[in-house]
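There are 2 protein chains.
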Amino acid sequence: MTAPEFHNKVIYENSRSFGTVFKSKCKETFFPDDPFRWLKNEPCTRRTRKTIKYFIPIFEWLPKYNFGLFKYDLLAGITIATLAIPQGISYANLARLPPIIGLYSSFVPPLIYAVFGSSKNLAVGTVAACSLLIAETIGEKVSPTEDLKLYLGLVYTATFFSGLLQTVMGVLRLGILVDFLSHSTILGFMGGTALLICLQQLKGMLGLHHFTTKTGVVPVLHAVFSHRDEWKWDSFVIGVIFLVFLQITRYVKNKKPKLFWVSAIAPMVVVVAGCLFAYFTHAEKHGIAIVGNLSKGINDPSIQLLNFDPKYISAPLKTGIITALIALAEGIAIGRSFAIAKNEQIDGNKEMIAFGLMNIVGSFTSCYLTTGPFSKTAVNYNAGCKTAMSNIVMSLCMLLVLLFFAPLFSYTPLVALSAIIMSAMLGLIEYEKAYHLFKTDKFDFLICISAFLVVSFIGMETGLMISVGLALIRALLYIARPASCKLGKILDTKLYRDVEQYPCATGIPGILILKLGSPMYFANCSYLSERIARWVRDEQELTESSGNVIEFVLLDLGGVTAIDIMGVETFVEVRKNLETKGIKMILINPRRDVMEKLIVTKFIDKIGKENVFLSTEDAIDACNFSLNSSKEVKEEDL
Amino acid sequence: MTAPEFHNKVIYENSRSFGTVFKSKCKETFFPDDPFRWLKNEPCTRRTRKTIKYFIPIFEWLPKYNFGLFKYDLLAGITIATLAIPQGISYANLARLPPIIGLYSSFVPPLIYAVFGSSKNLAVGTVAACSLLIAETIGEKVSPTEDLKLYLGLVYTATFFSGLLQTVMGVLRLGILVDFLSHSTILGFMGGTALLICLQQLKGMLGLHHFTTKTGVVPVLHAVFSHRDEWKWDSFVIGVIFLVFLQITRYVKNKKPKLFWVSAIAPMVVVVAGCLFAYFTHAEKHGIAIVGNLSKGINDPSIQLLNFDPKYISAPLKTGIITALIALAEGIAIGRSFAIAKNEQIDGNKEMIAFGLMNIVGSFTSCYLTTGPFSKTAVNYNAGCKTAMSNIVMSLCMLLVLLFFAPLFSYTPLVALSAIIMSAMLGLIEYEKAYHLFKTDKFDFLICISAFLVVSFIGMETGLMISVGLALIRALLYIARPASCKLGKILDTKLYRDVEQYPCATGIPGILILKLGSPMYFANCSYLSERIARWVRDEQELTESSGNVIEFVLLDLGGVTAIDIMGVETFVEVRKNLETKGIKMILINPRRDVMEKLIVTKFIDKIGKENVFLSTEDAIDACNFSLNSSKEVKEEDL
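One line per chain: the protein sequences are A and B, in this order. Just so we're aligned: the first sequence equals residues 1 to 638 in UniProt numbering. Just so we're aligned: the second sequence equals residues 1 to 638 in UniProt numbering.
Treat the hints with care, as some may be off.
A pair counts as met if it fits within one copy or between any two copies, since identical chains are not told apart.
List time: in silico PhoX-like cross-link candidates among lysine-lysine, alpha-carbon distance up to 25 Å [unchecked claim]: (1) 581 / 342; (2) 25 / 439; (3) 9 / 494; (4) 439 / 23; (5) 609 / 494; (6) 64 / 342; (7) 602 / 442; (8) 256 / 342; (9) 442 / 606; (10) 486 / 584; (11) 486 / 25; (12) 433 / 342; (13) 442 / 27; (14) 40 / 64; (15) 606 / 439; (16) 64 / 350; (17) 342 / 584.
No wet-lab data here; the hints were simulated from the structure.
When you get a sec, could you build the whole thing from the sequences and use the hints?
Next comes the structure, spelled out in structure tokens:
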């Protein structure tokens, strides 16, 4: 009997140098989409031109722009402008800012985005969640009713920090940070925020004067019900009518997507109707509050208001960081999902730079935090936008409004704004998605529901932290307990599969095959060695009756893509443990990174190249050969 | 031509219920070593007896104990007692506690450990790093020279918190937390602490009176050199002689491991020699400080000193948490490594309970934090200990010392203690191991060296945090960027392997096979979809010249052991992306967890069961069949 020969040789020679590995890891970490691939094999001048076009996308699409495209963008731009006016005023109200700031914020930032942004569908605007977060965190430090100028300064400073962080993250290609905000987190956070905002709108709907500045469900409901004497039923009735109207248009849109424009212009209709109503009935004299004081004129410079006083700096810094991340998560996710629908590609890191620049410039020109909100982007997309030109059109419309029509909107009743906000927010409490999570992934549901509950009852930041924390714990739990399984041979094939998944797969006498999970890191070393010991123990108990003794443990490393020093030490430990039991350890198909580490730590020399195989089949043949020959020896001895 | 038939059927039916999955995950997370396996199939009374034996190991080994074993344990116990006396006094000095506390701490805790501990080799005692950490954090709040009673109270409180945390962690089976302290972190942290402690001993060696209470390298060196007028050369010479003696004994031990007892009793020899020298030369009158004031008598109760005053609570709480984790990491790692050497098993979570109980009882009886220090355990092991009885012997020796001989040690010169500590610490700066890390794993080296540098120059807690943080970042980076690779067929085999690792592996025209890394989680979804797009793009560029068009992308999921909802969404997205390019997506060998998730989210129905295969071979056959038949159709059309 001769030993089987293996054509399938394991290769040990092509280890990469540290430099090569490091470069490749950096590329995977920071440049996974290989953004500069077009730089290869290009002459210098074209390279420069391409680089400029890459970083400033407007140079890419503007030269090819034509009237045919413009028709679409004009329509889309006007549509989103009609949405931008009521939303701008409403969300500024939510952030406890003068309503005009909301209009300003739809003028400058879209222009900047049109130059630097790479998405063709994204519509720029303010968002409710960040507006509320700003009101909560900055409002804790300074009350806007007491010192509006300071409050404004801090809000602009927060916007500046957001923009700066976004730009820096984009330049350093730290899009990876945004990856850690999972959809489940965002879903729960947005839902909780929407609930809070809805409840807060009861102030406007009921026409209350006294209210809490806190954002939790409990204090808000308490404030609503403790001022029952202030409830204004006429205001409430008007509010409900507006709300029902808005919800009906939303329903129409959901039923017939082609009628999206009905719900897109509905907020504008509500504002205009509200204005007319307030103007002709002198509603403000009957106790129905109006926005008031919207003067003509474009954005004032606000750079002189930026406030870096150490006494206050912590609030805008914190707000800036949190809103920057939320805005990015929302904006990039939305940009990406619409890009997929059109089969385009957007570069997350480039988007960050565009968002960052528009917020930095925004903070200099009396704008607060903007991003790519879902509602506006969806309308833009549905209205048939072709390029970022629709943002420019919206911006120009806002310019006209600011120059000529702004005062008209000063008659907008607050109750109309409340109805608009409420209607928008009701769409964000996506209980169906949460239910889907519950049905399909309990841990994702836990992440989502804890964000929702903590945001609603305790605080927005805390909710975000806990939810992200849970998501990280899930990731770390994965690392701490990578799944391993026992393989068996599926009858009449050469396939080895998990015996629990494929009960038809059967073990081979004397041999235990384990497939290890990835990675083998410090956090799972003791687990792995204990788990392997348990596999061996269980197998020994199973085979005890049949008289078979385990002589080989085969570790299939085909799924292990990373290992650290403690992982290698685990191999050493496992091998020692097995040897004292008279069992031989064999490695199958170590992947490149693992192989390189096993070579550099000299583990391969220790275990011997004859104990490393390229495939399970080869390893089993070798083991069987050895089992048989030892049996033969025994028999000969007899 | 007929379609190929596949015997290797993918199984879709055996999905587990949420309860089953949850139970199995919990078992893997908290009971990976299946500690209660012996409870199966046992009658009730034996079960109770076994449970008691399990939780209180002394009932397991004591009934079988005999004189033959005791001989070994007696010798080992006496040997570690001779080490416990100088180490106890020295480390108490390091923790800025009265020296007698060090002796107390080697009396009560070993008794408790002997009852509850499961390791047969571990020797209980105080450790240098935790002593220094206590001095640093508690000393920041209260100076022991100003209010010793309060300082003592806070130290006992910290010990109590440590013990409580350790017990709770053990009961809740949170050994998983200790897993996140990697060896590289411990190596760097211990090295940094050892350097700090060495430098601090210059105070004792040079006989300085004025010194800093800070622990950084810079303030300590500054304190040493700014008091050059206080340097006492006679003290220094004595110290160096002791140190050289200790280092020689260590060298002897390293050369001839059988002479381990030479280095084990060397500190005792130094103490005795120092005492005799001080007694006969009246050294204290010549400016060589001695320990002084060691009164006879056993531990006083200290439960009344525990201090939960909110004014001070933060310091002992913080100290308690950090020292608990470090003590566990050190104690469990050491217990485990010696258990492996003897082919025994220890249960980390049970050890935690034992450590916790001994520290809780210790905090009630004038002891401070104890664990299983490496040096003592190694001596115990080498001295041939057989059971935890050696700890009882040591404890009884300490009792004798406390009752009769303690005052003798009051003549111990501080310089002798400094020499003992220095010698012990020099052994802990394991630059060779750090160099090994540098050679084999740069990231592990980074974790280690940053712990070392930050501990030495900034602070112990900060160093620990940064090092643990880096290790976590490594784990999270793995999750964010799991490695995928392109597979090719190795000639004359049916094996598909990474084409970069096995350059002999070649692709198949029209088909791109990718092996995805594990897990598919929220943090890597956008990466994965971008990476797959890049693989496709690269492949298209490669095959463009040869005229081949990619018609199939095969995703080998054999290595993916976990997926969350966003991972499934990634499949949806990737499939959509590929379809717009006219490419069909095919899944190969989804593992059980992945398959269950794909079924529950109905993705399997979406992609169609005909596009999921059990092996790459099958999938390729099916693709080739489809490629050929479409070719035939085309040819027929011609």
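Q) Using 25 Å as the alpha-carbon threshold, which applies to residue 602 and residue 442: within, between, both, or neither? A) Classified as between; 16 Å across copies, 43 Å inside a copy.
**Q.** Intra- versus inter-subunit Cα pairing at 25 Å for residue 64 with residue 342
**A.** Cα proximity of residue 64 and residue 342: one copy only (19 Å, versus 77 Å across).
Q: Indicate which option fits the pair residue 606, residue 439 if close means a Cα-Cα distance not exceeding 25 Å: within, between, both or neither.
A: The answer is between: 18 Å across copies meets 25 Å, while 49 Å in one copy does not.
Q: Since the copies are identical, ignore which copy is meant and state whether residue 9 and residue 494 lie within 25 Å (CA to CA) inside a copy, between copies, both or neither.
A: Both. Shortest intra-copy (18 Å) and inter-copy (13 Å) distances satisfy the 25 Å Cα cut-off.
Q. Using 25 Å as the alpha-carbon threshold, which applies to residue 64 and residue 350: within, between, both, or neither?
A. Intra 21 Å, inter 72 Å, cutoff 25 Å: intra-copy only.
Q) For residue 439 vs residue 23, is the C-alpha pair at or below 25 Å within one copy, between two copies, both, or neither? A) between (42 Å within a copy, 18 Å between copies)
Q. When no copy is named, should residue 40 and residue 64 be tagged within, between, both, or neither for a Cα gap of at most 25 Å?
A. So residue 40 and residue 64 pass the 25 Å test inside one copy only (24 Å; across, 76 Å).
Q) Taking 25 Å as the upper bound on the Cα-Cα distance, should residue 433 and residue 342 be classified as within, between, both, or neither? A) This pair counts as within: shortest intra-copy Cα distance 24 Å, inter-copy 55 Å.
Q) How would you label the pair residue 442, residue 606 (within, between, both, or neither) given a Cα cut-off of 25 Å? A) Classified as between: cross-chain Cα gap 22 Å, same-chain 44 Å, threshold 25 Å.
Q. Within a copy, between copies, both or neither: where do residue 25 and residue 439 come within 25 Å Cα-Cα?
A. Between copies only: 18 Å across, 37 Å inside.
Q: Since the copies are identical, ignore which copy is meant and state whether residue 581 and residue 342 lie within 25 Å (CA to CA) inside a copy, between copies, both or neither.
A: Only across copies: residue 581 and residue 342 sit 12 Å apart there, 61 Å inside one copy, limit 25 Å.
Q: Could you figure out if residue 486 and residue 584 sit no more than 25 Å apart (CA to CA) within one copy, between two copies, both or neither?
A: within (17 Å within a copy, 32 Å between copies)
The earlier numbered hints are all upheld by this structure, with none contradicted.
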